[in-house]
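J.: In case you want the letters, here they are:
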Amino acid sequence: MHITKRYILPVLLLGLSACSSLDEQPVSQLVTQEFYKDGAQADAAVVATYRKLYETGQSLYNSLFQIGVEMATDDYEAGPRARNAHVRAISGLTHDASNDRMEQLWRQSYDAINAANIAIDRIAVIPDGKITAVLQARLTNEAKFLRALHYFNLVRWFGDVPIVLHEPKDLSPEALYVTKSPAAAVYQQIITDLQAAENLPAPGVYGKNDIGRATSGAAKSLLAKVYLTKEDWANAAAKSKEVIDAKWYALFDDYADVFNTATKNGKEHIFSAQFLGNAGYQGNSLGSRSAPNEVPGINGDYADALHKQGKLYESFSSTDTRKAVTFITEMVSPVDGKTYTFEPHLHKYYDPAATGNQGQSSKNLPIIRYAEVLLIYAEAVNELQGPTAAAYEAIDEVRERAHITKLKDVAPALSAANFRDSVFQERRKELVYEYQRWFDLVRRGPDYYVRTLHAAGKTLAAPKHIRFPTPQRELNLNPNLKQDPLWINN
Amino acid sequence: MPRHRHAWPVLFTAVFSLLLLAAISGNAQTQPLINSRLTGRIVDAKTREPLPGATVQIKGTTHGVLTDGEGRFAFVTGQPFPYTLIITSLGYRKAEVIVENGQIEIPLEPAQSQLNDVVVIGYGTQKKSDLTGAIASVSGPLLKQPVSSFDQALKGAAPGVQVTQTSGQPGGGVSIRIRGGASIQGGNEPLYVIDGFPVYNNAVTAGTITGTPVNPLSGINPSDIESIDILKDASATAIYGSRGANGVVIITTKKGRADRSTLSYEGTYGVQSLRKKVDVLNGRDFAKLRNDVLYDVTPAKGKFQYLTQQQIDSVGNGTDWQDAAFRSAPQQNHQLTLSGGTAKTRYYLSGNYFRQDGIIRNTDFNRLGIRANIDAQPFDRLKTGVNITASRSDANVAPSGIVSSLLFMPPTATIYEADGSYTLRNPFENIFANPIASINETKNKATTNRFFGTAFADFKVLEGLQVKVLFGTDVNNTQEKYYIPATIYEGLPTKGNAGRGEYTSYSWLNENTVSYSRRSGQHSFDVLGGFTQQEFSSDVVRTGAQQFVSDALSYNSLQSGATLLRPWSEASKWVLHSWLGRVNYNFDSRYYFTASIRADGSSRFGKGNKWGYFPSAAASWRVSNEPFFKNLSRNISDLKVRASFGTTGNLEIGEYQSLATLYSLTYLFGGTTATGFAPSRLPNDKLGWETTVQYNAGIDIGFFDNRLSVSLDAYQKKTRDLLLSVEIPWTSGQTSSLQNFGSVSNKGLELAVSSKNFLGEFTWTTDANASINRNEVLSLGNGARSYISGSYIIQVGKPLGSFYGTVTDGILQTGEEHTKGKFTGSAAPKPGDRLYKDINGDGTFTTAADRTIIGDAQPDVILGLSNNFSWKGFALSVFFQGSLGNQILNGNLQSLELFTGQQNAAGSARDRWTPENPSQTIPRAKLDPAPVFSDRFIEDGSFIRLKNVSLSYTLPKHITGKISSIQLYVSAQNLATWTNYTGFDPEVTSGSNVSPGTDQGIYPVSRTFTGGLKISL
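Residue numbers (our numbering), protein chains in the order written: chain A, 1 to 490; chain B, 1 to 1017.
Hint data in this document are derived by calculation from the structure and do not stem from the laboratory.
There may be inaccurate statements among the hints.
No more than 27 Å apart at the CA atoms, straight line, and that leaves these computed lysine-lysine pairs for DSSO-like [what the hints assert, rightly or not]:
id, chain 1, residue 1, chain 2, residue 2
1, A, Lys225, A, Lys323
2, A, Lys169, B, Lys610
3, B, Lys610, A, Lys311
Generate coordinates for the entire structure from the input sequences, incorporating the hints supplied.
T.: Written out as structure tokens, the structure reads:
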């Protein structure tokens, strides 16, 4: 026994004096439970939510809208370098519920919503003294603005969708198996969030280092668009009028300034996805996706192409200053100095400062801008009261800036239906490559959508295509989800 | 603790005094009567090498001596001549010799049986005859193959051990599955225990360089390894607990031999070359293909839109990109070893330089290493030792994607433009860089310094009772350097891209064990107990810059880049605390029992699940030692049956996986950076290890005095609580969550046969092994039946590595457009399009819906066959290795059979469908860049390979004179291969858990001829 005591125990005791603990203490990662404790950390939660506008790779406002949605319109198609079968499927309207780009629309939107939910829930319980009430309210409302934006996208793409307002507590079925809510309830949630976001600081109030955050102007503008989409014309007209009358915003004199990096976040911009190339961020990849690949030194991808049969390019009048900003047909190679001419390529996000590396384009992507508010107002007023002078005035402000004849001068006595067509036509030309076309087509109903696409040679377009199917993956993993009736047996 | 610290000096003093006393009393002996004087020498009967440490005893007396380093012994006794000597030495047959006079040389025949061989098991050793578990040992010629890391030498070496080379890159890795892979997302590699130090072989990089990372085990010099023991069943591996489920490979390095100093130099020089090129089109044929494609797209522009017939004729063969990249490359190895010792101190010191140039230009691996193994017995009751290795290796790694680009680059493109600058890229629509420019100009280097060592003290408390304390450390530092100059395509956008990265890891180990062994009559006990702790921490830093004014500074002046890349750093750590215990008992060398248990506490798991317990039990019956057996069979010299079961675990999931950690993201406000944090995952407090329950039954039979021995093992392994990234609905904000879900089973048979065909002056021995393993997914998380991962499916009832794709059904012929066109998957089918089977029977073909399992990467049988011949000084070793019944996804072919004319195509394009050549198997040329994965690209991956042939000649003693031995040898690696596989090599494929058996752009292995020389003084 004494041997045990003298020699063996000491050896084993060496063991008991284990120098290290089994508890994991990550040194280079933060853990959820220990975070969200003060104003700075609350801000970090909201910053993360902003970043989820485009996180990495093909992400929502950094090309996913283009390849996952806009390809399914009369204006765009998968370019020669778009090799991905899923992108080509959307472009050719052969996509199904397993299309991975479309799945990403769903995934990334809910990812962003979840980031907003975490921010809203966790900021709410930060004790007084750790955060000012003003900051607490502002950050919460920014998160609500972003959450509303994503739900607005989801409800338009997928119709009825689950409303998730809190982070899942655990991995239990109750926490994970959510059910769909009717589109009307989703819209109600969007409106509730945006109404809260209307309390955000007015445009111009943020300091220099906060430019780009959501403002009350952004909330009101987006709210006007939500009402418009719901065909709640009165509220759409009222809300857009409120924005116009506040005089926070104005059109740039030169359409090119909408996309110039020097005039970023200018007077016309209401809310944009912010990009900066070569700074450890992703640039706006649309710069590269639209650029030609045959010009030496440009290194374009040419994956986003114009759908020629849609005749978008031809629809611009020769005086229209938007044409040269929107498209390009020739370039000088920085390598051999020769001029190359080609079919019209989309050009809005081509950044001359990132020659040869357009993936690092620093051009912002407008999510909503003042020209659109004017067009929302024109459309809503027309639907309410017919083409009034105020409606004409709003659309003509946009046309005038583009240096095309005022509608009042060309067609002063349009019917409400024709005026509606004019507004849509103006939206189409004003907002090219700004992720708007598909929404505008489906807003007018399945017949219109199918007719327009068939006329443009995309003959596989069918009524079901006014929505995307609920991703098959989600149906497989969540027994409470049902496929959209439009996509059952279709 | 302080109280115990005082115990040691006291103890040392006591032991030292005892020793002194013994020495003094020795001198005080009285002189005995002398009747005879004998001096002699014991040598190996075959090699005539002296045998140190042999016991020489005079029969009928207790008088015995040990031979010295020269094999010499002497007797000065009262015993008159003649008398009989009994000589015993481990590994040799016992000899009895009658001596008549004063001088004798006695040759000893090597033992036929390896039953007395000592096998290294976890935390100890055991005689092979006493084993209850399934353990394979590898030593001898197989370990002498010219490879950069020892794991490559395990191919075909033992039954149940499947070794896949994952890259032929010098210093490249292998993937090892012992008795099949069970984990889907966790690690499947075995645990390596190198001189007592457990290492999981994770090829981690700092993330700066591209391509296949260097195999960390290549830092250890294979020439320093004495033996490799592979623990396979639960009885053997359960002592390694939560790290034992994938098997354990125990590496023992060489030790000095007592009383015999040897200085030896060994040098080899070899030449490696590509075994076979992949058949792709030459310039002429490619030009025709591209013309066909362009004509198909716009017939109006005619049939010669790319090149005219005249131009085609002048193109000739064009550029052979494989010839431009592959070369025959030298490989050399130099080793200087000094070993020896006295009865109380033994040492083994070696220095090694290994250099292997890759068969792709600008790739290489070289290692400079030293090893010092020292064992000392400073006091009778204390044994101590250190095993230390330090090495530095440098590798120039092939940038990723190079091998694919070599195949895809059109032969009509040239390496250089007319002005001498590099052609930048594939001139056609599928844009990728000129691979020769990438190989030549990209700097992609990894330099690793590794220090690895263990030190122990083993104290004998009482007879049979040992206390052992072991400390070990493994320090690894890898520096990575990367530069892409602005002059090549990849460097254009960034105008020069430099990166530096550093990965540092540090692990320490402390093991404290107590062992007690006791023989009492027919009972024999060995008991082991202990506590161990291991801690591992790692750091990664990387940074970089772009936009350099000059390429001259490369990665050496990051500050001169106009754009600095965001730096990155991270750190992680794990801790493992363990208690272990084992009892071995045998009764009369007939009935053996082993029971072991290990309790592991790991930091990697969820709060509520830190500790796990891994028991095992085994029994064996040595039938041949039963009294009744002797009468049963005279031919059977040994017979043993074994059975075992036990539980082991797998914790290779990385750190912090149970926690809801946050990751950082940045966004821009007002053009400046704001940093945000978002959760990476949902927390899972219940996260635990994968548990494998394994049953093993085996039989070992020796025939004809053990000249023929056969071992057969059958096992069943069921792994449950798989660490699975279970898909969860995206509405949760996450994609998946790591949970313990699902199970996989592996069942198999292993056969090993060892035969001494001839003995004597000409010896011929044969070792053969064959094994089969059947892998099956039993269940998956959340009741899922299957999930698809790229070209693979993981499906309940099917093995891991099942290929999931479409099934081809010939070619659409003219006139069939309306009947069969819908089975082409094309909106506008044309004759010459490939037809596919309508798997789901919906009357049409779609790529997504019409897929099925079209093969799997699991072999039916793996084989190894080694024949060794020796005659006089010649020794010939011939080693075959094989794998039968596995399929390979030929990813290179899948891309090469696109026939788009935008990149080069497979040789099969010469037989493609044209109106004049209505092929039934090869489709037409067309501009459809979307590949369809089909059974066309699943090939039989079976192969039999003459892995190694080596012939050596040891010069006779009368020529070498005072030099103890001179050996010359030549060897050939991968000399011949029998396979139907059309790619570079059937042996080199991806080795990942979910997607094994894909050959896509992998650096091919080489055929190597080596010559060498070994001189020992």
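J.: Would you mind confirming whether the straight-line C-alpha gap from A:Lys169 to B:Lys610 stays at or under 27 Å?
T.: Holds. A:Lys169 to B:Lys610 sits at ~22 Å (cutoff 27 Å).
J.: Between A:Lys225 and A:Lys323, does the CA-CA distance stay at or below 27 Å?
T.: Distance of about 25 Å is within 27 Å: holds.
J.: If you draw a straight line from the CA of B:Lys610 to the CA of A:Lys311, is it 27 Å or shorter?
T.: violated (65 Å)
In terms of the numbered hints stated before, the structure departs from hint 3 and from no other.
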